[in-house]
Amino acid sequence: MVNDNETANRNSSDSPFTDRAESTEINLTDRPYNIYRCQDCKNTVLSLHECGGGMTCHGEKMEEVRDVEMNVNPPDLRDVLLNVFGIPKVGLDICLCVIDEGPLSPDEVAEKLGYDGSTIRRYLNQLTEVGILTKMQLNREDGGFVNVYRSIDIDEMQRESLAGFYMWAGEAATLIEEANLTKEDYLDASSEGSMNEVFWESFQKRSGRGDTE
Amino acid sequence: MGQSQIELLAAIVDRYDECEQPVKPVEFARTPTQLQSIRDCFEDFESKYLLAREDGSYRPTVTARELLELEIEDDGVLLLDCEPEE
Numbered sequence: 001m002v003n004d005n006e007t008a009n010r011n012s013s014d015s016p017f018t019d020r021a022e023s024t025e026i027n028l029t030d031r032p033y034n035i036y037r038c039q040d041c042k043n044t045v046l047s048l049h050e051c052g053g054g055m056t057c058h059g060e061k062m063e064e065v066r067d068v069e070m071n072v073n074p075p076d077l078r079d080v081l082l083n084v085f086g087i088p089k090v091g092l093d094i095c096l097c098v099i100d101e102g103p104l105s106p107d108e109v110a111e112k113l114g115y116d117g118s119t120i121r122r123y124l125n126q127l128t129e130v131g132i133l134t135k136m137q138l139n140r141e142d143g144g145f146v147n148v149y150r151s152i153d154i155d156e157m158q159r160e161s162l163a164g165f166y167m168w169a170g171e172a173a174t175l176i177e178e179a180n181l182t183k184e185d186y187l188d189a190s191s192e193g194s195m196n197e198v199f200w201e202s203f204q205k206r207s208g209r210g211d212t213e
Numbered sequence: 001m002g003q004s005q006i007e008l009l010a011a012i013v014d015r016y017d018e019c020e021q022p023v024k025p026v027e028f029a030r031t032p033t034q035l036q037s038i039r040d041c042f043e044d045f046e047s048k049y050l051l052a053r054e055d056g057s058y059r060p061t062v063t064a065r066e067l068l069e070l071e072i073e074d075d076g077v078l079l080l081d082c083e084p085e086e
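Keeping their order, the protein sequence lines are chains A and B.
Using the numbering used here, the letters of the first sequence correspond one by one to residues 1 to 213.
Using the numbering used here, the letters of the second sequence correspond one by one to residues 1 to 86.
FYI, nobody ran anything at the bench for these hints, they're computed from the structure.
Please read these numbers as outputs of a predicted model, since none were measured by experiment.
Treat the hints with caution; some may be incorrect.
[Unchecked claim] Listed below are the simulated EDC-like cross-link pairs for lysine to aspartate or glutamate, each with C-alpha atoms no more than 16 Å apart in a straight line: (1) A:LYS135 to A:ASP153; (2) A:LYS135 to B:GLU83; (3) B:LYS24 to B:GLU54; (4) A:LYS135 to B:GLU69; (5) A:LYS135 to B:GLU71; (6) A:LYS135 to B:GLU66; (7) B:LYS24 to B:GLU43; (8) A:LYS42 to A:GLU60; (9) A:LYS135 to B:GLU85.
[What the hints assert, rightly or not] Computed footprint of chain B on chain A; a stretch qualifies when at least three of its residues, placed anywhere within it, have a C-beta under 8 Å from a C-beta of chain B: (10) 55-69; (11) 146-152.
[Claimed, not checked] Restraint-style ranges between C-beta atoms, simulated for each label pair: (12) B:ARG15 to A:GLY143: 53 to 59 Å; (13) B:GLU20 to A:ALA163: 46 to 52 Å; (14) B:GLU83 to A:THR174: 40 to 46 Å; (15) A:CYS51 to B:ALA29: 48 to 54 Å; (16) A:MET70 to B:GLU7: 51 to 57 Å; (17) B:GLN36 to A:VAL80: 42 to 48 Å; (18) B:THR31 to A:GLY144: 32 to 38 Å.
Virtual Cβ for every residue (Gly too), placed ideally from N, Cα, C.
If we strip away everything but chain B, and leave its shape as in the complex, we get (with noise of 0.2 Å):
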């Protein structure tokens, strides 16, 4: 998934900034059979902090915007340490 996660979590901020509302999964999903490795993606983000569930629906998070200011290259590498040790 790599790049397209960010690109998935950049337009999941875009919608959510566009229409000042929480966004769902199916709102990503251009075909049935997509909307299932959307769903996990959601839930994937939710695990690292970068979507936070608000009445069945997720909106994103600080992190998940200071995460997209770091401007991500297609081919860096990126790994997300959300326990990390103090």
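Bound conformation, chain A alone (with noise of 0.2 Å):
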């Protein structure tokens, strides 16, 4: 890992945060989840029902993490279901328009949206592919086709989407444990390139990532 002087004195140029006011402590204590952090080796977890009794790490007890330092974003929906499942802003639109108005067609969400219906389509197949919706084909008496859209269980679409983001988030953590090992190595390297080069250059090939641009 790298100190804190060394962090301290990158966040000044590096940092997403350079123009936000200055740092405060978060507290956690009122969130409606609780992070907790094994005081004997770096797991951390993160737990959205407390089922009492608190989280243990190979057999002991974890501390409740009450605070944090770095300043965070706080989410926008709209940022999370696009960024975490991939799912537009229009995906949600259809959703909403839908519930407690179906069976609608796509070409009348289209007309209550705005869209086109070919746009509505696709997305209703991105949906699908996302998991949010289910599609399925209606036999039709002159030898055609009605396809159904319909989503999936609410419980089935909680558990699912929990687990998703959790996968993402296992995913987004890996990523910032595999940052903090490569500017490690920078260090250690003592490199004549510029940090920038080196840290990229090292961390594609570490993650398997090529250009990224």
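Two chains, each in its own frame: build the complex with the hints.
So this is what it looks like as structure tokens:
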């Protein structure tokens, strides 16, 4: 890990929080979730449903994290849906538009939302791929078929979306750990190249990413 | 309308199966003012291939029966694409 002084120095130029007001400690005690940290290893756990007694790691009770010193941008629902699940705002609009109004056709939804019918169909396929909707075919008497899009069970959706988000968060946490290790490697290597070059080249190699620009 | 549309469609199928003859909107309207919205629903169902017109009355289609077999939840999002792209 990078030592605290190094981190503070780089935050002044690299941090996305540089334009924000002076960083204040974030209190977590009244949040609807709990974060626990193992006092022996680096394991950190997020719990949405406190069942009492906290969490344990290798048989020992974990410490509850009550405040965070790093400034964190509050998430926006639209950003979460887009960044985590790839669901754009219009996808959410479609679901909200149809709830308690159905059955509607894509063209009727398009008219209500001011989009083209083909746009709605494209998003319906996307919502199906993401797993928010399921798609089935009904037979028509003239030999054709009708596509039916319906939402998955609400309980299933809650389970799946949480599991999906945790997976995303786990991947994000892995990236952060990889990034920290890469900085450490840079500091040890005393490279002649600039920080940016060494960091991104090494990070992309580690995480198997090619050009990300 | 949502679930009430599905309930109306189910009622149409039940009535048709019971009487073994096509049904009319007036049979499902409790009040005169309700009749127009029931008529609108029938026409909407027809446009979605859920009802077929027969001599001024309607009969439920195979599509309607298959839709009802899906047992749509009260709060489920439901879209019917009757002209899907191949």
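Hints and how they fare:
Straight-line distance between C-alpha atoms of LYS135 (chain A) and ASP153 (chain A) comes to about 13 Å, which keeps the hinted pair within the 16 Å bound. Taking the CA atoms of LYS135 (chain A) and GLU83 (chain B), the gap is near 14 Å; set against the 16 Å cutoff, the hint holds. Of the supplied pair hints, the one linking LYS24 (chain B) and GLU54 (chain B) holds, its CA atoms being roughly 10 Å apart against a limit of 16 Å. This hinted pair checks out: LYS135 (chain A) and GLU69 (chain B) have alpha carbons roughly 15 Å apart, not beyond 16 Å.
Only pairs whose Cα atoms come within 16 Å are accepted, and LYS135 (chain A) paired with GLU71 (chain B) is accepted, the gap being roughly 14 Å. For a cut-off of 16 Å, the pair hint linking LYS135 (chain A) to GLU66 (chain B) stands: about 14 Å separates their Cα positions. A C-alpha spacing of about 11 Å is found between LYS24 (chain B) and GLU43 (chain B), which places the hinted pair at or below 16 Å, so the restraint holds. Of the supplied pair hints, the one linking LYS42 (chain A) and GLU60 (chain A) holds, its CA atoms being roughly 13 Å apart against a limit of 16 Å.
Taking the CA atoms of LYS135 (chain A) and GLU85 (chain B), the gap is about 14 Å. The hint holds against a cut of 16 Å. With 0 residues having a beta carbon nearer than 8 Å to a beta carbon of chain B, the segment 55-69 of chain A misses the requirement of three or more and the stated coverage is violated. Given a C-beta distance limit of less than 8 Å, the hint that chain B covers the segment 146-152 of chain A holds, as 6 residues qualify and 3 suffice. For ARG15 (chain B) and GLY143 (chain A), the hinted distance range of 53 to 59 Å is not satisfied, since their beta carbons lie about 27 Å from each other.
Distance hint for GLU20 (chain B) and ALA163 (chain A): a CB-CB separation of about 49 Å, consistent with the stated range 46 to 52 Å. One distance hint, 40 to 46 Å for the beta-carbon pair GLU83 (chain B) and THR174 (chain A), holds here, with the actual separation near 45 Å. Checking the proposed 48 to 54 Å range against CYS51 (chain A) and ALA29 (chain B) shows it holds: the Cβ atoms sit about 53 Å from each other. The supplied range of 51 to 57 Å is met by MET70 (chain A) and GLU7 (chain B), whose beta-carbon atoms lie about 53 Å from each other.
Separated by about 43 Å at the C-beta atoms, GLN36 (chain B) and VAL80 (chain A) satisfy the suggested range of 42 to 48 Å. The hinted window of 32 to 38 Å between THR31 (chain B) and GLY144 (chain A) holds, with their beta carbons roughly 37 Å apart.
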